[in-house]
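S.K.: Sequences listed follow chains A and B, in order. If you're matching positions, the first sequence starts at 1 in our numbering and goes up one per residue. If you're matching positions, the second sequence starts at 1 in our numbering and goes up one per residue.
FYI, nobody ran anything at the bench for these hints, they're computed from the structure. Some hints could be false.
A partial selection of chain A residues facing chain B, derived with a Cβ cut-off under 7 Å [stated by the list, open to error]:
1. V23
2. S31
3. V32
4. A34
5. F35
6. R60
7. C62
8. A63
9. Q66
10. P75
11. S76
12. R79
Quick reminder that beta carbons are idealized off the backbone N, C-alpha and C, glycines included.
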Amino acid sequence: MIEVRWHGRGGQGAKTASHVLAVAYLKEDKSVQAFPEYGPERSGAPMLAYTRVDDRPIRRHCAVTQPDIVVVLDPSLTREVPVTSGLRSDGRLLLNVNEAEADDEAAGTYPGQVLAVQADQLAREAGTRFPNVVLLGAYAGWVGSPSLDHMQEALLEVMGHLPEKARSASVRAMTAGYAAGERGRADG
Amino acid sequence: MARTTLGQEVLTGGEATAHAMRQIRPDVVPIYPITPQTPIIQTFSRFVADGRVDTVLLQVESEHSAMSAAVGAALAGARTMTATASQGLALMIEVLYIASGLRAPVVMAVGNRALSAPINIHGDHSDGMLARDSGAVQIFAQDAQEAYDLMVMAPRIAEHAAVLLPVLVGQDGFSVTHSAENVSLLRDEEVQDFVGPYEIPYPLLGDRPSSQGLFAMPDSYYELKVRQAQALEAAEQVFADVGRAFALRFGRHIGAVEAYRMDGAERAIVLIGSTAGTAKDAVDALRQRGEKVGLVVVRLYRPFPHQVLAEALGGVERVAVLDRAVSPGTYPPLYSDIRAGYAGPAELRSYVYGLGGRDTAPEDIERVYRDLLVPRTAGIRYLNLMGEDQHGES
């Protein structure tokens, strides 16, 4: 089983990202779960969402406490929230970083694999303000699954209600993220 | 044979339930979006707004009114459903007793959550246990797929001539209502065909005039209440029959009780709801280490399937009954129910867990099985209660 924890701020799309990843893995015949952690809902407040993936049916309905992969959607969160808490030491940490910021600083002392992506910038270049789609692409490129095709199909399904312009920008952003993830895999 | 099920989708329990409602096409759905509401009504309202179902969505001024409208609609001759959670169910309870007494077969989806105070929006079974003496049929789902399947079964149970009672289909708040997982929906026409038309003996809008909601004095009230209780008892057989019909047609069998790896089990846990899956993972881990443990999951809670449960427990030696609710001043509800009807050899112990959304992990379940190895005095043990050594660790 792979357990993924998403760190974002309310309104940044962590919940949507957890869901898109689950839908993409479903397309690869996996058993999935996606759920947010609910508290008082405030725009901008730190929030968490989770994705579980397994080859066998997932039956448990408890919290994810030792994720294999953590994805951080907002560069400022690493200074506020213990993002590596419980993260397996042989796991992966996928970070959105600012242009100026060194990724080793954001990753702290985490001993596992780290990939830092300038997701805000890549999103802007693609015509969207949401880093979640870039990081979904980076996830696929870096982890090696699900495939970019499945991730894009999942994205279009989940975002089917959005205007065409927003959807095509999101697909571009995801593709850019995927390339960054693949480079990370080649380097890693 | 044509396929009766569609491919899998990633849906929350709430969304899956809303799909079941869309496919059943109830005539009337009275609602009041009290906080906390669930994705059930949110999603179903969207289906109505998008024209995917032609239900009359009746927005009223409180949950009390929603249940009142539901009783009226169901007795008038309209298939009626609603959904609620927590405080909303609490506010409906007065009228839920009336629905049972008037034999109004309203089907309700419930996102089971904690009750105030303190304010809390997370999952437990406190709200559902408020309804346990209401005379309604009460069923609890383990996951999103069961929440969907049970909702498809519910109208046939509620509207059965021997039953004619409200049916509450519960699913755990957040861990099922808001958690998306693999769900396989049935085809719309399959659901409609399975459910069939709405028929009750004396609809107010029918050809045979009738009166409803009458006065019953000491010369008749008692008999009517006993008949109502007998109708609820009859629902156990009806639930089994509808479950068999569902399994025959769609290949998924949902019994009143599920026995999981009970063959040769010496220690067992009995519980209700979404922690069942977590407990199954714990059972598998312990069985792999050679420990003779099993799990019994209760789906049908009212009427309580005493006989089926006793059969599921078989020759087990010690049983931990896990309640996700309390009954202050006495033992919690599920434990009391089992204690009242169980004449088998096993020692029964009472545990409370997960109130107000407190997480219960497979390791917590494993601790309960370990605790069952040790002799204990009577009393209630509280799983994962902070600040006290109530974990059953020895």
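S.K.: For the hint on A:R60, just tell me whether its beta-carbon gets within less than 7 Å of chain B.
M.R.: holds (4 Å)
S.K.: Using the nearest Cβ pair, does A:Q66 come within less than 7 Å of chain B?
M.R.: violated (10 Å)
S.K.: Checking hints one by one. Is A:R79 an interface residue toward chain B, by the C-beta closer than 7 Å rule?
M.R.: Cβ of A:R79 sits 27 Å from chain B, so the hint is violated.
S.K.: Taking 7 Å as the limit, does the beta-carbon of A:C62 come near enough to a beta-carbon in chain B?
M.R.: holds (5 Å)
S.K.: Can the hint on A:S76 be confirmed by a CB-to-CB distance to chain B that is less than 7 Å?
M.R.: violated (27 Å)
S.K.: Report holds or violated for the interface hint on A:V23, using the least CB-CB distance to chain B and a cut-off of 7 Å.
M.R.: holds (5 Å)
S.K.: Given A:S31 as an interface hint, is the shortest Cβ-Cβ distance to chain B below 7 Å?
M.R.: Where the cut-off is 7 Å and the nearest Cβ of chain B is about 6 Å from A:S31, the hint holds.
S.K.: Taking the least C-beta to C-beta distance, is A:F35 closer than 7 Å to chain B?
M.R.: For A:F35, the interface hint holds, since the closest Cβ of chain B sits about 4 Å away, which is under 7 Å.
S.K.: Do the numbers back the hint for A:P75, that is, is its least Cβ distance to chain B under 7 Å?
M.R.: violated (27 Å)
S.K.: Would you check whether A:A63 satisfies its interface hint, that is, whether its CB is within less than 7 Å of any CB in chain B?
M.R.: Holds: closest Cβ of chain B sits about 4 Å from A:A63, inside 7 Å.
S.K.: When the nearest CB of chain B is found for A:V32, is that gap smaller than 7 Å?
M.R.: With a closest approach of 6 Å, the A:V32 hint holds.
S.K.: Hint validation: A:A34 versus chain B, beta carbon distance must be below 7 Å. Holds or violated?
M.R.: holds (4 Å)
Hint compliance for this structure: hints 9, 10, 11 and 12 are not met, and every other hint is.
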